[in-house]
Amino acid sequence: MTDVIDLPISTGGHRPRIISVANQKGGVGKTTTTINLATALAAVKQRVLIVDLDPQGNASTGLGIRPAERQISSYDVLINGASLAEARLETSIPQLSLVPSGMDLSGAEIELVDFERREMQLKESLARLPQDVDYVLIDCPPSLGLLTLNALVASDAVLVPLQCEFFALEGISHLVRTIKRVKKAFNPALEIQGIVLTMYDKRNNLSAQVATDVRGYFGDVVYRTVIPRNVRVSEAPSHGKPVLVYDMKCPGAKAYLNLASEVLKREGVKA
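When the letters of the sequence shown are read in order and numbered with this note's numbering, they come out as residues -11 to 259.
Worth double-checking, as some hints may not be accurate.
Only pairs whose alpha carbons sit at most 20 Å apart, straight line, appear in this in silico EDC-like list of lysine to aspartate or glutamate [what the hints assert, rightly or not]:
#: 1; residue 1: Lys33; residue 2: Asp120
#: 2; residue 1: Lys171; residue 2: Glu107
#: 3; residue 1: Lys172; residue 2: Glu112
#: 4; residue 1: Lys172; residue 2: Glu107
#: 5; residue 1: Lys13; residue 2: Glu153
#: 6; residue 1: Lys168; residue 2: Asp208
#: 7; residue 1: Lys237; residue 2: Glu223
#: 8; residue 1: Lys13; residue 2: Glu158
#: 9; residue 1: Lys13; residue 2: Glu97
Have a look at the derived ranges for each label pair, beta carbon to beta carbon [as the list claims (entries may be wrong)]:
#: 10; residue 1: Glu250; residue 2: Pro82; range: 34 to 40 Å
#: 11; residue 1: Val32; residue 2: Gly95; range: 35 to 41 Å
#: 12; residue 1: Asp208; residue 2: Met91; range: 35 to 41 Å
#: 13; residue 1: Asn192; residue 2: Val101; range: 41 to 47 Å
Quick caveat, the hints were computed from the structure, so don't treat them as lab data. We put the CB at the ideal spot given by N, CA and C, even for glycine.
Starting from the given sequences, assemble the full structure and let the hints guide the process.
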């Protein structure tokens, strides 16, 4: 895995900035990070759009968007030529909007195979996005298929949530190789915004060891902020709310506010 260190860290750029939240491993806090980072950015007056690109639609559910409200989804954007403006829904969070997902997106991987520019569908849609957004966060599915490829090709940067567990480094090496291939073939400007350690349990020696190993290997690519394992963070999605709304004073909410501050600092924005 020694070829991954030369990937650049994001240092800011044009607006809107498009950031994929990606990890092919499921259960690492990817959607939770997308929702709560977006909410924290919105709280400091950044205009944020989440594109839910996961067929499970958890980002949509976690923001209280019912299935019946998802008349036009990311599937329609990718496959049927719908615009992001048509699909976009306002959430209960000021400054935060969402392009929802649904189960029909699970068939998009197969349908996209027949498209002439299959890896460019999302990028071309985002190019037509109205200029009233500062950040686009793309919640990627837990795979490295055509949906994630579309996200990476469309993005300026990638934010990688990494669970503090034994196989963490092994899984991320595959993702980083994929990022390097996308960078070489489709998107030379693609950067790693950062790696965020999630589900950290300070009572568990393994969490501390994984954190030490990841920081030793990736250095400054890893955010200083660590997202703790927190019951309130786990409860919030069932209420259709980000944890920053559900319980702003809990450790998880405070961690996501700190993460947003770090992200903005790397983007060259004063929070």
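Hint check:
1. Lys33 - Asp120: Holds, because 12 Å separates the two Cα atoms, which is no more than 20 Å.
2. Lys171 - Glu107: At roughly 13 Å apart (the allowed maximum being 20 Å), Glu107 and Lys171 satisfy the hint.
3. Lys172 - Glu112: holds, 19 Å
4. Lys172 - Glu107: Holds - the C-alpha atoms of Glu107 and Lys172 are around 14 Å apart, at most 20 Å.
5. Lys13 - Glu153: holds, 12 Å
6. Lys168 - Asp208: holds, 18 Å
7. Lys237 - Glu223: It holds: about 14 Å lies between the C-alpha atoms, which stays within 20 Å.
8. Lys13 - Glu158: holds, 11 Å
9. Lys13 - Glu97: holds, 18 Å
10. Glu250 - Pro82: 34 to 40 Å: Violated, at about 22 Å.
11. Val32 - Gly95: 35 to 41 Å: holds, 38 Å
12. Asp208 - Met91: 35 to 41 Å: holds, 39 Å
13. Asn192 - Val101: 41 to 47 Å: holds, 42 Å
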